[in-house]
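Asker: Chain residues, written in single-letter form:
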Amino acid sequence: MDTENYRALFCNPNWDYDTLEAADKIISKIGKEYLKLKTYPNQIEIVTSEQMLDAYSLTGLPTSYPHWKFGKDFVLNQNNYTKGRMGLSYEMVINSNPCISYNMENNSTCMMLLVIAHACQGHNAFFRNNYLFKEWTSAGTIVDYMVFARDFILKCEEEFGGDEVESVLDACHALMNHGVDNYKKPSRLSSVEENERLKKLITIKRENFNELWKTLPTGLKLPEPSPGEEQKFPKEPEENILYFIEKYAPALPAWKREIIRIVRKVAQYFYPQGATKVMNEGFATFTHYHIINKLFEEGYLNDGFMLEFLKSHSGVLYQPEYNSKYYSGLNPYTLGFNIFMDIKRICQNPTLEDKQWFPNLIEKDWLEQMHYVMENFRDDSFILQYLSPKVIRDMKLFTIVDNENDEEYEIGSIHNERGYKKIREQLSNQYDRSFHVPNIQVTKIDQHQTSKLYLTHYIQKDRRLDIESTQETLEHIRYLWEFPVELHSKNKLGINENTFEA
Amino acid sequence: MSHIIDRRKNDKGKSTGNRQKFLRRVEGQIRRAIPDIISQESIKDSNTGGNVKVPVRGLKEPNFQHDPKTGKKQIVKPGNDRFNEGDRIPKPKEGEGGIGGQKGSNSPEISEDEFTVVLSREEFMKYFFDDLALPNMVKKLMESTETFEMKRAGYTRDSVPSRLNIKSSFQQSLGRRLALKGVLDKKLQNLQAQFANCNHPDQKEALAEEIEKVKRQSITIPFFEDIDLRYNNFERINIPVTSAVMFCIMDVSGSMGFHEKDISKRFFTLLYIFLTRLYKNVELVFIRHHTEAKEVNEDEFFNSRESGGTVVAPSLKLMHQIIRTRYDENWNVYCCQASDGDVWSKQDALECKKLVKETILPIIQYMAYIEINNRTKQSDLWQAYNQISNDENFAIRHINEVFDIWPVFQGLFRKRNNVKAG
Numbered sequence: 012m013d014t015e016n017y018r019a020l021f022c023n024p025n026w027d028y029d030t031l032e033a034a035d036k037i038i039s040k041i042g043k044e045y046l047k048l049k050t051y052p053n054q055i056e057i058v059t060s061e062q063m064l065d066a067y068s069l070t071g072l073p074t075s076y077p078h079w080k081f082g083k084d085f086v087l088n089q090n091n092y093t094k095g096r097m098g099l100s101y102e103m104v105i106n107s108n109p110c111i112s113y114n115m116e117n118n119s120t121c122m123m124l125l126v127i128a129h130a131c132q133g134h135n136a137f138f139r140n141n142y143l144f145k146e147w148t149s150a151g152t153i154v155d156y157m158v159f160a161r162d163f164i165l166k167c168e169e170e171f172g173g174d175e176v177e178s179v180l181d182a183c184h185a186l187m188n189h190g191v192d193n194y195k196k197p198s199r200l201s202s203v204e205e206n207e208r209l210k211k212l213i214t215i216k217r218e219n220f221n222e223l224w225k226t227l228p229t230g231l232k233l234p235e236p237s238p239g240e241e242q243k244f245p246k247e248p249e250e251n252i253l254y255f256i257e258k259y260a261p262a263l264p265a266w267k268r269e270i271i272r273i274v275r276k277v278a279q280y281f282y283p284q285g286a287t288k289v290m291n292e293g294f295a296t297f298t299h300y301h302i303i304n305k306l307f308e309e310g311y312l313n314d315g316f317m318l319e320f321l322k323s324h325s326g327v328l329y330q331p332e333y334n335s336k337y338y339s340g341l342n343p344y345t346l347g348f349n350i351f352m353d354i355k356r357i358c359q360n361p362t363l364e365d366k367q368w369f370p371n372l373i374e375k376d377w378l379e380q381m382h383y384v385m386e387n388f389r390d391d392s393f394i395l396q397y398l399s400p401k402v403i404r405d406m407k408l409f410t411i412v413d414n415e416n417d418e419e420y421e422i423g424s425i426h427n428e429r430g431y432k433k434i435r436e437q438l439s440n441q442y443d444r445s446f447h448v449p450n451i452q453v454t455k456i457d458q459h460q461t462s463k464l465y466l467t468h469y470i471q472k473d474r475r476l477d478i479e480s481t482q483e484t485l486e487h488i489r490y491l492w493e494f495p496v497e498l499h500s501k502n503k504l505g506i507n508e509n510t511f512e513a
Numbered sequence: 072m073s074h075i076i077d078r079r080k081n082d083k084g085k086s087t088g089n090r091q092k093f094l095r096r097v098e099g100q101i102r103r104a105i106p107d108i109i110s111q112e113s114i115k116d117s118n119t120g121g122n123v124k125v126p127v128r129g130l131k132e133p134n135f136q137h138d139p140k141t142g143k144k145q146i147v148k149p150g151n152d153r154f155n156e157g158d159r160i161p162k163p164k165e166g167e168g169g170i171g172g173q174k175g176s177n178s179p180e181i182s183e184d185e186f187t188v189v190l191s192r193e194e195f196m197k198y199f200f201d202d203l204a205l206p207n208m209v210k211k212l213m214e215s216t217e218t219f220e221m222k223r224a225g226y227t228r229d230s231v232p233s234r235l236n237i238k239s240s241f242q243q244s245l246g247r248r249l250a251l252k253g254v255l256d257k258k259l260q261n262l263q264a265q266f267a268n269c270n271h272p273d274q275k276e277a278l279a280e281e282i283e284k285v286k287r288q289s290i291t292i293p294f295f296e297d298i299d300l301r302y303n304n305f306e307r308i309n310i311p312v313t314s315a316v317m318f319c320i321m322d323v324s325g326s327m328g329f330h331e332k333d334i335s336k337r338f339f340t341l342l343y344i345f346l347t348r349l350y351k352n353v354e355l356v357f358i359r360h361h362t363e364a365k366e367v368n369e370d371e372f373f374n375s376r377e378s379g380g381t382v383v384a385p386s387l388k389l390m391h392q393i394i395r396t397r398y399d400e401n402w403n404v405y406c407c408q409a410s411d412g413d414v415w416s417k418q419d420a421l422e423c424k425k426l427v428k429e430t431i432l433p434i435i436q437y438m439a440y441i442e443i444n445n446r447t448k449q450s451d452l453w454q455a456y457n458q459i460s461n462d463e464n465f466a467i468r469h470i471n472e473v474f475d476i477w478p479v480f481q482g483l484f485r486k487r488n489n490v491k492a493g
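Chains as they are written, first to last, in the working numbering: chain G, 12 to 513; chain X, 72 to 493.
The following block holds chain X by itself, in its conformation from the complex:
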């Protein structure tokens, strides 16, 4: 007797465990591929996961095999259309394949050289941020990023009249009245029976009085009493703020070339991805500046070029203004500034320092300043910022080449709790 079973409702994740084992095996290669993924996509797209090309090196499953080039082989093939016994055909050159090329029978043609692993967003994030975390920051986030919401939570007996719940109060009252009336009615019946059986006039009078009293009681049961009243109950529930805004500030003066912009972009992308892991909703604000500051869209931010001198302070002012007008305290504000360190004057650098310290840092979560140059000289801005940077919520770093980005980013956001604890 046959059984027919519908397995479609079963888990389809039978291979998940094996897939994880496989990913672990190519972990190194995935990690190495991640920076490439970032640089190829726009900042917002970069958090969707991605295809990682993994060379099959390290995945080989060797076994004893014949060297296909050696020996004397006779291969039977179908569909002879022109050959006769003893015909000779030139061998195809290396790599051309052709009629002598051996392929596994019936197997789909898969290029074994490399294949692509598609990572889900979660997996991508896992590899991306494996050893990154911001304990101090996260703690701070927890303290300052919570708001409260009142949520209905059943009924209570004691509250303000405006929260009176009429329906359930009435239900209570109805029940109470029915119960009380029942008791009184029974009592009345009893009394009336006694009254009927009673012959003694004195007792009869007393009973009549009693009956009268109970009758009165039963019609004067109060409609509402305090114990009936029910009020809507509300509880305060903490909700973490799930929105963050990230300001990208970049110098677009003539001294910022393609290389510098590329590095900035990668760095901004990293920060963006990092934030999307913490928050549900991350907004981006791009501010670019030369002698004046301007809010632009991403495309313009990275692609248009302008020349001119560099004044930094206006961009910080603009940012402050935007925060004040658009983002209230329910937003977590992050700021990342990239520059080659050129400023118009020492005066400007000092003003920036003052702005950052007095107006910006108090209202934002974290600010990172990266300076993209070869560090031959200490720029004015660097010197000014250096005096107030503390790695807690304001960090400054140098980046010179693309491969510096990841270590610098890791350095900025490394797990610091161990150090603190030790």
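Chain G with its partners taken away, still in its complex shape:
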């Protein structure tokens, strides 16, 4: 097919299978050759609005274990959708290999092309190359794992009763935010490896044996740990509460541990998506913007198509201002797209200001930089590194300081010379996990008497815990742990400000 035929196909607002196939082919080609994207193979699924609603409530996984929470989300979404309070998105994409994307059937051809460029190239490449996704998710096995999870939970329901399983899942869901590893745990050595290690150690000792060493004074002996400290377990505080319960709950049956593990895995699977919302959407928008423009340049599209595209594109990037009634926080698409576009601009046409702020980017290949950024950052570090003064000015960003003890808000910094750095830091903070998720860790269990579990909340910026929800969550932990649980809220000085018990 030549360009002429493609153009006829793409400029017909009604699409069919051939259109999609052609679109996918051309867009993949451009993604690969022009933007140098490495992607998983794509699996594009055309779905109806009902099916999209289903996908919403399963948080985008093709299958999931049964639980009332998903039903609640479904009813909620359905109500909002049928009442016109909420539109459905044009697509939904799953971090899996092959990369599954759901496209709505009532998209026009233009939307289909946009969606294919956005999801099947942009998001797909991000999933495949970003370090968080590489490290924490295994795209090749997630779908199979969810099938296993569903079957396992169904089996448990049959064997132990739906109510019991539901209670376990409820409790696990309450802790989902605290079921995520931020750092890799060293994998435990198997007994074979352990023996190997000991053998090696002995060999080394023997080989390096030297009578002379005996004459050296022995090092300072550490004082014997006092009996109280000896009992301290865990040695280091553990932030992954679900993991801790799964491994160390004294009397938990194996099937409950497996369920905890399942929820933990799901939480871990979604963790990178939460930590890269701005980047992921920004990059996908950046990708579709470049691909569609390239298509236009090469004559695959006509002006009508571009007008429709620009309307949708600018709709996606709409950022209401703080005092608008539509304002509901920063639009991650806009923020991410603006930063990526500015990186490109700095590489190509740096101003004097840019040369001071981003010496590393000057006169570099923009595409290479783009890949580097996309692969090695997450939202907080991305903003901290690359939010440029120009973007701050363009978006007119400013900070409001809301101090509990003050009668008034204070404007912290605005988009001026003095404010750029502060705004950048604060915005980066805002996308840090600790901004939303309180820092709570397992600090101790009483191993000898009560098996009581001690948690510590480290208060940051005087933000205390919400009393009601904390108490309820603690009840859930109590249910899983099966022994008493105590939570201390400690401030900077290590002084306990509040105690919760269950």
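Please note that the accuracy of each hint is not assured.
As the list claims (entries may be wrong) - Computed cross-link-like contacts, BS3-like style, restricted to lysine-lysine with a CA-CA straight-line distance of at most 25 Å:
(1) K92(X) x K80(G)
(2) K501(G) x K143(X)
(3) K143(X) x K503(G)
(4) K428(X) x K433(G)
(5) K276(G) x K143(X)
(6) K472(G) x K140(X)
(7) K366(G) x K401(G)
(8) K140(X) x K336(G)
(9) K162(X) x K433(G)
(10) K131(X) x K94(G)
(11) K92(X) x K166(G)
(12) K92(X) x K407(G)
(13) K143(X) x K433(G)
(14) K258(X) x K332(X)
(15) K428(X) x K388(X)
(16) K94(G) x K92(X)
(17) K162(X) x K407(G)
(18) K80(G) x K286(X)
(19) K472(G) x K143(X)
(20) K140(X) x K503(G)
(21) K145(G) x K47(G)
(22) K92(X) x K336(G)
(23) K36(G) x K305(G)
(24) K472(G) x K388(X)
(25) K92(X) x K276(G)
Because the hints were derived from the structure by calculation, they are not lab data. Bear in mind that the values here come from a model prediction, so they are computed numbers and not experimental data.
Put chain X on the given structure of chain G with help from the hints.
Answerer: Chain X in isolation, oriented as in the chain G frame:
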């Protein structure tokens, strides 16, 4: 290589199971909401299901959260149009929201306080009638509510001439004739060949005779024989009667106030919904009475007020008359009478008793009488009815307040088979 898959034909009910789990979780709240739904709608509309507002209580998904009121927060916002560093702005009062109000980013604004669950008709019915059933009644219904219909069911060899199916009979005959002719023709050919080869005159004669016979046979194959005949076959099929008529009889004398009418309406509605679960087609007849009885429409039935004394018997007579003229035995008749128990005279009450016992009960499925008063005295009508009520097909109950209705209704229609069996 990409795959493009059209999933539109797949089931869209992926969430059904989870939805059921969710409904189970709010079951109690749905049950509690149902009486409200009934009282808000007209009787006929009430069986379409409905929206149930469910408070989110019990649906919370708690997790560890910061108390939004505490601490020192710095929030970055877009679109600064007038502020300078160090400006101070008064905080909005509680509940006003404003620029400091935190909202989840990019999420549609959903009021989390309560949301509505839309129940389908089936679900509505399920919650509504979960533990109600009328085994005795249903059994009776099964016995008396069936009619028969003749349905075509292939062909038979034996029946009356009027059901003769000419086409298939002819097909049979055609086949038979072809088959027989074939056999005879073969035989004839054989014989003729023998005849040609034969030299012996005696044998030749015998063969000629034989040939003649076969020839005759082959042209005299009968056009129709008994075995060809096919008759249309009919089977008797039982069909349950799917229509029911419900008579609502209400006293509209001056003593029936808004409260009494409201209670009656709710009760009638319940009965109507119950019947629509059993029957495809339910008709309603409203009869109101003071000193005389009159058939009216629903609106008039509940809303217009008249005063005067109360004579009950004419309404029962009117009902009897309507049944006789409009509803033959293919209809299941139900009757529900509501009154405050006031009657003009003892004579009237006795006449009612006689009417119910002798003319009404034999032709209807079930009659319920509810008396709406505070039971300080036994009314004449109550006393009269009490002698003939049996809970099988005639039940009487007292209702005083709205919240009595549901228990009374349940009491009237409770599953009784367990009691019987035990």
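Asker: Hint by hint, note whether the structure agrees.
Answerer: Status of the hints after comparison with the structure:
1. K92(X) x K80(G): Given that 25 Å is the threshold and the Cα spacing comes to 8 Å, the pair holds.
2. K501(G) x K143(X): holds (16 Å)
3. K143(X) x K503(G): holds (14 Å)
4. K428(X) x K433(G): violated (91 Å)
5. K276(G) x K143(X): With Cα atoms ~34 Å apart, K276(G) and K143(X) exceed 25 Å; violated.
6. K472(G) x K140(X): At roughly 12 Å apart (the allowed maximum being 25 Å), K140(X) and K472(G) satisfy the hint.
7. K366(G) x K401(G): Holds, at roughly 13 Å.
8. K140(X) x K336(G): holds (22 Å)
9. K162(X) x K433(G): Holds, at about 23 Å.
10. K131(X) x K94(G): With Cα atoms ~23 Å apart, K131(X) and K94(G) stay inside 25 Å; holds.
11. K92(X) x K166(G): holds (16 Å)
12. K92(X) x K407(G): Judged against 25 Å, a Cα distance of about 47 Å means the pair is violated.
13. K143(X) x K433(G): It holds: about 15 Å lies between the C-alpha atoms, which stays within 25 Å.
14. K258(X) x K332(X): violated (93 Å)
15. K428(X) x K388(X): holds (12 Å)
16. K94(G) x K92(X): Holds. K94(G) to K92(X) sits at ~23 Å (cutoff 25 Å).
17. K162(X) x K407(G): holds (22 Å)
18. K80(G) x K286(X): violated (89 Å)
19. K472(G) x K143(X): Holds - the C-alpha atoms of K143(X) and K472(G) are around 6 Å apart, at most 25 Å.
20. K140(X) x K503(G): holds (19 Å)
21. K145(G) x K47(G): holds (18 Å)
22. K92(X) x K336(G): violated (36 Å)
23. K36(G) x K305(G): holds (14 Å)
24. K472(G) x K388(X): Outside the cut-off at roughly 83 Å; violated.
25. K92(X) x K276(G): holds (23 Å)
Hint check: violations occur at hints 4, 5, 12, 14, 18, 22 and 24; the rest are consistent with the structure.
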